[in-house]
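So the protein lines, in turn, are chains H and Z.
Position in the first sequence (first residue = 1) + 12 = my numbering.
Position in the second sequence (first residue = 1) + 12 = my numbering.
Rather than coming from a laboratory, the hints here were simulated on the basis of the structure.
There's no promise every hint is true.
With a cut-off of at most 30 Å between alpha-carbon atoms, the simulated DSBU-like pairs for lysine-lysine come out as follows [claimed, not checked]:
#1 Z:335 x H:14
#2 H:14 x Z:396
#3 H:49 x H:14
#4 Z:396 x H:78
#5 H:378 x Z:378
#6 H:196 x Z:196
#7 H:396 x Z:396
All values derive from a computational prediction rather than experimental measurement.
Protein chains: 2
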Amino acid sequence: MKPYRFPIQTISHILKQKINSVPITVYGYIKTVRSQKQMTFIEINDGSSSTGLQSIIDSTKLPTIKLSTGCTVRLQGTMVSSPNRKQSVELVVDKLELLGDAIDYPLHKGRIPIETLRDHQHLRSRSNLFGAIWRIRNTLVSSIHAFFQSQEFTHVHPPILTTSDCEGGGESFEVVGGNTFFGKNVYMSVSSQLHLEVLTHALSRVYALNPAFRAEPSDSTRHLAEFWMVEAEMAYLTNLDSLLDFIEAQIRFSIQSILNTSLQDLEFCDGFVQPGLLDMLQGLVENPFGRMTYTKAIELLSLKKEWHYPVQWGLPLQTEHEKYLAEEIQHGPLFITDYPTVVKPFYMKQNHNKTTVACTDLIFPKWGEVVGGSVREDRLDILKENIHYHKLSREEYRWYVDVRRYGSVPMSGYGLGLERLLGICTGIGNIRDLVPFPRVHGSCRY
Amino acid sequence: MKPYRFPIQTISHILKQKINSVPITVYGYIKTVRSQKQMTFIEINDGSSSTGLQSIIDSTKLPTIKLSTGCTVRLQGTMVSSPNRKQSVELVVDKLELLGDAIDYPLHKGRIPIETLRDHQHLRSRSNLFGAIWRIRNTLVSSIHAFFQSQEFTHVHPPILTTSDCEGGGESFEVVGGNTFFGKNVYMSVSSQLHLEVLTHALSRVYALNPAFRAEPSDSTRHLAEFWMVEAEMAYLTNLDSLLDFIEAQIRFSIQSILNTSLQDLEFCDGFVQPGLLDMLQGLVENPFGRMTYTKAIELLSLKKEWHYPVQWGLPLQTEHEKYLAEEIQHGPLFITDYPTVVKPFYMKQNHNKTTVACTDLIFPKWGEVVGGSVREDRLDILKENIHYHKLSREEYRWYVDVRRYGSVPMSGYGLGLERLLGICTGIGNIRDLVPFPRVHGSCRY
């Protein structure tokens with residue numbers, strides 16, 4: 013089988029090539045035009061690279077229509093080494109063809125505040141910043157698949173439409189007419205975990221990268237109504253520390269991949285979004301994440317008095333607590349482990365003390381919780397007690413409990429918020445800028 | 013950074029290792045138990061391989077509880093070469109530990125009809141057949157990412173919740189309370205194409221592997237209410253034949269990957285599902301797909317008289333027509349191109365004759381349509397006329413048209429039904445067996 017080769021070269025590809033005198037054709041949209049009497053300088057990009065392609069054209073060869081930022085063009089010419097110190101090569105254009113004009117392009121050239129770009133969700137991706145974010149997101153997703161495949165996981169697609177609500181709590185979106193179409197009320201998945209656990213009984217190591225939905229009317233910068241989650245379940249891994257090791261290795265692998273593959277885009281973010289980003293990411297790869305029990309965390313939090321939400325053993329940790337622990341105590345990512353049973357869901361495995369469960373939340377500076385995971389309760393009798401204790405419907409979870417009846421597999425697993433991890437990797441602080449078309453309380457555009 | 017290594021070995025990994033006398037620990041569920049007076053033979057699997065691990069234990073070392081199909085165990089012992097011709101190696105067990113018993117396991121050992129397994133969606137994945145299907149699905153998904161990454165595409169996540177209906181036709185599921193939560197009516201995406209086109213204006217080559225939803229009350233074996241689609245858009249590729257070349261290369265790459273990586277699982281499907289499967293797949297890799305215009309197809313179909321649906325230029329092709337063309341005329345995959353404008357959506361590019369559009373449906377034996385694609389209409393004025401012609405809401409598509417106003421990018425793209433391609437790869441004929449938890453008209457279990 014002859015390897016396929018796409019018939020058009022990207023600008024990223026062209027910039028990596030050696031200069032030669034072979035004529036080339038390049039496509040892209042105009043970032044800037046600078047006209048002098050004899051020569052016109054045009055920078056174009058096609059989204060493949062954080063640096064565009066500089067090109068020079070004899071002003072007499074230009075089309076009569078005025079070229080401006082946003083126009084889409086085809087250029088034919090020859091690559092030469094550039095006299096300009098800003099770039100090593102440039103394109104001397106023989107022929108320029110206008111493919112799409114851009115009269116009154118709403119985004120002017122030059123730097124535009126991210127908040128302004130947010131109002132142009134369908135155009136903002138042409139900016140240098142969003143180009144960089146989407147390329148880093150691509151590398152992040154690729155690295156996730158590469159890691160799980162290297163560890164012999166099977167990628168699966170658990171369902172989006174579901175009849176059960178993994179976390180309880182009524183934060184699910186419901187589908188209109190579910191009862192008519194499916195014969196029962198149907199919701200959009202808030203987590204794939206329970207379905208993954210079922211598949212783990214068969215395939216031992218499974219992971220998913222699925223969208224999840226929360227109808228939480230939150231207007232924070234850290235929540236989306238629709239977001240993407242990496243979720244994994246691992247059979248026979250029953251030791252909480254081993255789970256933490258795995259999560260840490262997975263995140264570290266992704267960050268190392270981004271440092272290897274997307275360095276230019278990271279440098280852009282380091283320059284324009286978060287100074288020091290590269291050093292911080294290098295630190296995440298090199299230094300172990302912190303580990304601390306919930307009980308210890310409560311002790312430390314109690315030393316400080318001014319909290320908006322109360323600090324007390326048996327109450328959940330709030331974002332202000334999580335951020336403080338990660339930012340002021342650990343100065344980096346921190347696994348909080350062994351939360352009280354009462355604040356965690358029914359499927360987490362009880363510790364011997366019966367007051368805490370073998371679980372973790374991984375918290376990061378600025379973001380708070382990025383990962384939640386636990387050893388799963390595999391003992392049928394205790395699982396049934398937990399369902400009763402959490403006042404959940406036995407009928408709704410019968411299928412899930414049923415699996416534990418037939419060759420129950422001890423396992424642990426976790427879920428990781430993709431957009432939050434991307435926020436850490438890029439320095440972007442508002443989750444609405446980390447997915448191309450954000451869906452949040454009060455807004456679903458296009 | 014030290015490479016991470018998962019602390020537990022899979023059976024697949026163990027079977028590939030050289031035999032040595034180092035003690036090993038293996039986890040899995042029991043497929044069969046055969047007890048003799050002195051020795052007991054147990055076959056276990058963990059879902060990592062289509063062949064299980066044969067193990068032998070001194071009957072006196074067995075736990076008092078009765079071992080049976082479905083029990084989950086931990087075995088410690090030593091790998092030795094096997095005297096049995098069925099396998100080359102086997103495990104001599106020193107210690108057996110029961111992790112999960114399986115009293116009254118509802119699936120008996122041995123071959124179970126696929127229809128019976130369908131009633132046990134939460135247990136069926138432990139069968140040899142579904143193990144093979146999910147592993148092939150994993151390879152298929154991996155190969156899709158590998159191909160698009162090799163061609164410099166950016167993977168993106170277009171939204172599931174949307175305010176627009178790509179195909180028109182009212183086959184969307186609506187979300188309860190969209191207006192309250194989002195401020196407008198919100199639907200579940202039937203296709204990501206329009207959002208991908210927007211991103212193509214910035215990133216040039218994008219692809220997505222997203223779930224899509226159709227509220228079509230069809231009870232066929234080829235439709236799911238929730239399915240997964242590979243969708244790709246390619247800037248500056250404006251020649252229909254180039255699009256066909258690309259689609260063909262993408263599918264061929266995936267099939268070659270499965271032949272390389274999942275041969276044992278394919279052999280299982282060849283033996284138990286579709287005899288001749290391997291030869292057919294090898295043929296797909298080696299032989300070019302057929303290409304035929306819609307007009308030619310109508311000519312050929314008109315020669316045969318007994319159709320349930322009428323055959324006439326200007327009417328859509330029905331499944332019976334598609335299957336006939338692929339099965340009886342082409343004996344393989346066939347691109348049908350250049351359909352009448354009237355039967356295709358507004359975003360497809362008009363041919364010069366103005367009666368047909370530059371589009372294709374790729375049809376396969378047994379399945380009919382597996383891919384639909386086209387060159388996209390990039391001319392603003394014609395796009396607006398098309399929206400009017402198809403009686404669509406100008407307001408609803410304003411954002412999409414808006415992109416074409418500012419540096420419109422010529423492009424083509426397509427969507428491929430993942431489950432249908434998996435059906436071709438495995439020989440499985442009912443789409444409900446190609447996704448772990450199928451959602452169809454009348455059924456949404458778990």
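Results for each hint:
1. Between residue 335 of chain Z and residue 14 of chain H, the direct Cα distance comes to roughly 29 Å. Compliance with the 30 Å bound is thereby established for this hinted pair.
2. A C-alpha spacing of about 41 Å is found between residue 14 of chain H and residue 396 of chain Z, which places the hinted pair above 30 Å, so the restraint is violated.
3. Distance hint between residue 49 of chain H and residue 14 of chain H is unfulfilled; the C-alpha atoms sit about 49 Å from each other, more than 30 Å.
4. Under the criterion of a C-alpha separation no larger than 30 Å, the hint pairing residue 396 of chain Z with residue 78 of chain H is consistent with the structure, at around 24 Å.
5. Simply put, residue 378 of chain H and residue 378 of chain Z have alpha-carbon atoms about 53 Å apart, too far for the 30 Å limit, and the pair is violated.
6. Of the pairs offered as hints, the one joining residue 196 of chain H and residue 196 of chain Z holds, with about 25 Å between alpha carbons and a cut-off of 30 Å not exceeded.
7. At roughly 59 Å between alpha-carbon atoms, residue 396 of chain H and residue 396 of chain Z are farther apart than 30 Å, so this suggested pair is violated.
Going through the hint list in order, the structure does not satisfy hints 2, 3, 5, 7.
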